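> Single-letter residue listing:
Protein chains: 4
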Amino acid sequence: MAGPSWDRYGEYLGLEKILTAQTPWSGTPGKADFAHEEMLFIVFHQTYELWFKQTLFELDDILARFSRPVLDDRDIQPIVARMGRITEILKILERQIDILETMTPQDFIDFRDSLKTASGFQSLQFRLIETRLGLKREDRMQFNHGSYDRDYADASRKAIHAAEEGPNLHDLIDSWLARTPFIADGDYTFWESYRAAVHVMLDEKEKTARQALDGDALGRELEAITRGRQKFENIFDTKDRVWRLSPRALQAALFITIYRTEPMLQGPATLLNLVMDIDSLLARWRYRHALMVQRMMGLSAGTGGSSGYSYLMQTLEKHRIFTDLFSLSTYLIPASARPPLPDSLSAKMGYRSGTGR
Amino acid sequence: MAGPSWDRYGEYLGLEKILTAQTPWSGTPGKADFAHEEMLFIVFHQTYELWFKQTLFELDDILARFSRPVLDDRDIQPIVARMGRITEILKILERQIDILETMTPQDFIDFRDSLKTASGFQSLQFRLIETRLGLKREDRMQFNHGSYDRDYADASRKAIHAAEEGPNLHDLIDSWLARTPFIADGDYTFWESYRAAVHVMLDEKEKTARQALDGDALGRELEAITRGRQKFENIFDTKDRVWRLSPRALQAALFITIYRTEPMLQGPATLLNLVMDIDSLLARWRYRHALMVQRMMGLSAGTGGSSGYSYLMQTLEKHRIFTDLFSLSTYLIPASARPPLPDSLSAKMGYRSGTGR
Amino acid sequence: MAGPSWDRYGEYLGLEKILTAQTPWSGTPGKADFAHEEMLFIVFHQTYELWFKQTLFELDDILARFSRPVLDDRDIQPIVARMGRITEILKILERQIDILETMTPQDFIDFRDSLKTASGFQSLQFRLIETRLGLKREDRMQFNHGSYDRDYADASRKAIHAAEEGPNLHDLIDSWLARTPFIADGDYTFWESYRAAVHVMLDEKEKTARQALDGDALGRELEAITRGRQKFENIFDTKDRVWRLSPRALQAALFITIYRTEPMLQGPATLLNLVMDIDSLLARWRYRHALMVQRMMGLSAGTGGSSGYSYLMQTLEKHRIFTDLFSLSTYLIPASARPPLPDSLSAKMGYRSGTGR
Amino acid sequence: MAGPSWDRYGEYLGLEKILTAQTPWSGTPGKADFAHEEMLFIVFHQTYELWFKQTLFELDDILARFSRPVLDDRDIQPIVARMGRITEILKILERQIDILETMTPQDFIDFRDSLKTASGFQSLQFRLIETRLGLKREDRMQFNHGSYDRDYADASRKAIHAAEEGPNLHDLIDSWLARTPFIADGDYTFWESYRAAVHVMLDEKEKTARQALDGDALGRELEAITRGRQKFENIFDTKDRVWRLSPRALQAALFITIYRTEPMLQGPATLLNLVMDIDSLLARWRYRHALMVQRMMGLSAGTGGSSGYSYLMQTLEKHRIFTDLFSLSTYLIPASARPPLPDSLSAKMGYRSGTGR
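Chains as they are written, first to last, in this note's numbering: chain A, 1 to 357; chain B, 358 to 714; chain C, 715 to 1071; chain D, 1072 to 1428.
Next up, chain A with everything else stripped away, as it sits in the complex (with noise of 0.2 angstroms):
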């Protein structure tokens, strides 16, 4: 009698599904037709798939801790931990296209028709990562003349209504931010003392210029300085921009980044810089993916019908979420003109037994 067909290991991890769901459609291995790179185009994508996967399993879980009415200052660890891990696994995704590029464009044009209207832009797991970072169905590219939708299956369509009417990483980090104490406290406003500080800066810098300068450099100064005024007036004022965090939210997130060394604020400054790393490596991936289209394909459209490179790049910017907490470092100041907390505020964000060690 044969004894298993899997050891435990192969057991454990599926291999009886994992190592058998390669079918390539140009032929069968071994055979005339078989274009001999389709096989490294499919495992190429079931390793994206599976990363994919991995990478929403992440996302659920710090989109769950967010959705409590009280995010309990334990949890950020593990929130850093798991957006940490997804920075790591977007580098990875992007890293491997150097393994798919050693796919010469004449090897693909070998097997491409045979993938009909097959298409990467028909990932449902890309598209719910997306969409549960928060892009919104209206922000999207219309992609071939008519909606996306027309492309999914119809579980799969279920699934992408359910995610765009769910919670998403965006919103909820709009509303935490916008919770975060001590941006008013007390006598004590955030917001207040840093425009302060702002126009004493300014004032100090004109006063400079007026004693240096003469002329056409003083006015070109003056001019700069007024302009910096207006900027830190207006920041809120959505009719110069808009942005897409509420204005306490970005007062919070301004806070927690001029103020990251206390203790309180560690946490939070990380887990902001890893939104905003998040953020580039997407884009990235996708100007890399843009950029490997362009060379497999030249002018052509995609497969499954995108229109290919120009299309790509349209969204590269489109697409991307986070731009807010990017433009935020418009209004920065120098440590030197930064206003140092009240001490009673700095000793609330301080360990309840913190002497230091």
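Think of the hints as simulated: they come from the structure by calculation, not from any bench. Bear in mind the structure is a predicted one, so any value in this text is a computation, not a measurement. Please note that a few of the clues may not be correct.
Claimed, not checked - Simulated coverage check for chain A against chain D, where a stretch passes if three residues somewhere in it have a Cβ under 8 angstroms from a Cβ of chain D: (1) 76-85; (2) 254-267; (3) 343-352.
To be verified - Below 27 angstroms or equal to it, Euclidean Cα-Cα: the simulated BS3-like pairs (lysine-lysine) are: (4) Lys-448(B) to Lys-805(C); (5) Lys-410(B) to Lys-1102(D); (6) Lys-473(B) to Lys-207(A); (7) Lys-1276(D) to Lys-410(B); (8) Lys-1124(D) to Lys-388(B); (9) Lys-31(A) to Lys-17(A); (10) Lys-767(C) to Lys-1062(C); (11) Lys-731(C) to Lys-17(A); (12) Lys-1032(C) to Lys-17(A); (13) Lys-675(B) to Lys-448(B); (14) Lys-31(A) to Lys-562(B); (15) Lys-374(B) to Lys-410(B); (16) Lys-158(A) to Lys-731(C); (17) Lys-830(C) to Lys-767(C); (18) Lys-830(C) to Lys-1276(D); (19) Lys-116(A) to Lys-705(B).
In this text, a Cβ means the ideal position worked out from N, Cα and C, and glycines have one as well.
Take the given structure of chain A and dock chains B, C and D to it, following the hints.
Only chains B, C and D this time, still in chain A's reference frame:
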């Protein structure tokens, strides 16, 4: 008596210069006004300049070999080796941004003012690299509402002008490709042979369509086939698309890509692939740099007065040099439809004693 | 009526299998006993197995080409391409450990007991890769005080034995190298020519030493020169060192390395370099894996009963396969001392119509 | 009149020094005896020395903060940031070997003799990094049958001795860990609580074993449980294993690892993880370096007289500094068996106004 102040290793590497070339402008290390993070900023850019020097050194050697009236077959190996080295350098230039991104936007603002008009846009070596690769002055984004030249010292300006007058990789590759033997050889003309094969392939598609489809579906398919025919007829029609490479160079590049297993074409095919790698890697570096600038400075203007992120994004595609090679993939056809080489021609491209082992 | 549950893309990639193959043993996701981090552990290893499958697929193609009585010159390009692909895969296998290392040792211990006897050491595909590369059963570290075989299912055991009987890359490369023409060609014998050049070089060194030095310094230098002479005399003397490659293969490898710019040797030189890359990358992966195991489990025995870190460290050098190619560098001499190829020989290794462009 | 020879950017970066510090010893670029590849060799090592300088700069700042009698809670963030930066630098140092490996062994031999006694082993800065991390003189591999000192210039020797006398990261972390509050707090003693939990866990295992097994199987399981008990009893018994960290520091490290979600322990846990990252990355760099040396020089002695590959392999594990932190994982137990912290203690480790958001 004291011994030598540097051991042989330090002397060899010029460490007396290398390790004393860090002079922060925010203040003196150890003093209050010094911004700790400025040291990283300096060292980071110094490593960039060292790698730029190495890149120019390799590029010069490549240009010199291509500039000879006839390229010796033995030169392909060193050219490919040097290009491969440049791609590895470019990969590291992109990846080591991971180091710089450990600096937060708040860290940067603490010493940004002290940089005054110094700006990475002034890197002479980077501009020389772009120029020697083939970026033309008139194709550059205008920076700062004026000529690039304004920001350069006299000696730099001269060096840039000399580079613009001198040979560049794009044009040398154009000439080298255009000299490719065998794309017309006796009765055989590659382009005629290829065009005929395309029409046979499309005739076949049309026949299949007429048998299998009718009504609108047939109409759409026939339209697609007609577009396919036109695409191939118009490839060298400069009304539709401005190619920078000459028609003969484009044909040669296609020939090399398609018949890359012929011994004589293996090296050239690798070479063309590396040229595309260099173009992609530079583009990826540009995008990564733009994202970093956006994170560090938001919507602010760059140091030295550049317009920061939005300027950088405009250069992204505009400063690419070898897009023609990418576009060429539009014209590839599956191996099954590809016309075989005449035996006599294939023989000429083999080794004189090629019998294999 | 419900539509299809998978779109074309999902069907193509076999996502019904791929995305349902994750079955944690610590408990059910969502339930209390489930260890969150186990999902990563499973997905991580599944991507490994997919890449192993791809590696075997490429290796099999390489072995088939090398197994033919005569290797066609046109086969060098695809062999080099597939080897290049394997190196890119190995790089990603190493780098994606960055993802797994976001799991802490404490996270791992939370589900480690549930793995019972399942162990990465049981990966059939990894063992097949090692075997097809050329690792012999008798050169393997004995694991768990017994034969590897015990841990494998019947079908796996058979597959391993078949691989051990079948062709492997080391031996096929040995034969291919040994068949290299021109290392003896008419009057010319590479090894004689090279040995003579070495002695001329050493004679020169001796002469210089006798003029410039005296006493102990001269003695030491002369001794070094004598050792140099012996090194070259004894290179194929198996008393001093057991080479696994045959003497003729070693000579051919040296010949290819030295004259790599000759058109006919460019491909083979690239190929040998890639073989060393594969050997190095596997070794680096092993070390990285060992460090990770040490961090996760300290001094504990591994899952499945392996002895963990110290076992892995013992395989580090013992499981390397192509060290002969590395050792060969011992016998290189500077270009200035290198004997030129006879013109007639060089001509034979050029292209039939090699005139350059 | 000529303008300035350097623009502001070039002046800021000291390019006059940086870009004139490459002086090949094989000959003058452009002349016959010059080995093209030597330029890469020089530039590569110069970037290494720049990154070493940056690493020392960050290390010094870290050591200074740890050297204060009490570490302010606000110092954890910058220490973690600087350690994170060092890990990114070490990753690049390893990866950029990809650039150097585009040089073949034959390329290297062409200028190797001209290096004479200059050797990477003489890098003063690298030795200072090792020393400040905590590598002790007596734990170093003896190099070249003598003291390291012989190869250094006087000034370097002094710098090394000063570093050996000064503070190092290992010992400062030992002291900092040993000062951790709360591992004994009122009635609570972490180690007693933990040891008790281990015995409860093992009692449970024993009970289960006695119910489910008999005969030899039971005997083996009971033996394993007894070994488990002894392992925990003997952890600080220096007869079995020489720990370099003090018993109290080891307990604190375990405490931090286990209860890492407590707000006050999140930073320290990240810090310990980074220390292990640094140790691993240095080890990986050493191995990668050894493999490169083996490929370049085979079995030859290194430049400067080191014994090359085999010497480097001996330093691989011997020069590691923080292995105790890795070994500690031996003593972790699953979350389900872990003793909960007393509420009063947990409260002390929270934020003064920790209510969450």
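> Decide, hint by hint, whether the structure agrees.
Going through the hints against the structure:
no. : hint                      : in the structure
1   : 76-85                     : holds (count 3)
2   : 254-267                   : holds (count 7)
3   : 343-352                   : holds (count 6)
4   : Lys-448(B) to Lys-805(C)  : 14 angstroms, holds
5   : Lys-410(B) to Lys-1102(D) : 19 angstroms, holds
6   : Lys-473(B) to Lys-207(A)  : 18 angstroms, holds
7   : Lys-1276(D) to Lys-410(B) : 65 angstroms, violated
8   : Lys-1124(D) to Lys-388(B) : 19 angstroms, holds
9   : Lys-31(A) to Lys-17(A)    : 23 angstroms, holds
10  : Lys-767(C) to Lys-1062(C) : 40 angstroms, violated
11  : Lys-731(C) to Lys-17(A)   : 5 angstroms, holds
12  : Lys-1032(C) to Lys-17(A)  : 34 angstroms, violated
13  : Lys-675(B) to Lys-448(B)  : 21 angstroms, holds
14  : Lys-31(A) to Lys-562(B)   : 23 angstroms, holds
15  : Lys-374(B) to Lys-410(B)  : 16 angstroms, holds
16  : Lys-158(A) to Lys-731(C)  : 21 angstroms, holds
17  : Lys-830(C) to Lys-767(C)  : 25 angstroms, holds
18  : Lys-830(C) to Lys-1276(D) : 14 angstroms, holds
19  : Lys-116(A) to Lys-705(B)  : 39 angstroms, violated
The structure shown violates the earlier hints numbered 7, 10, 12, 19.
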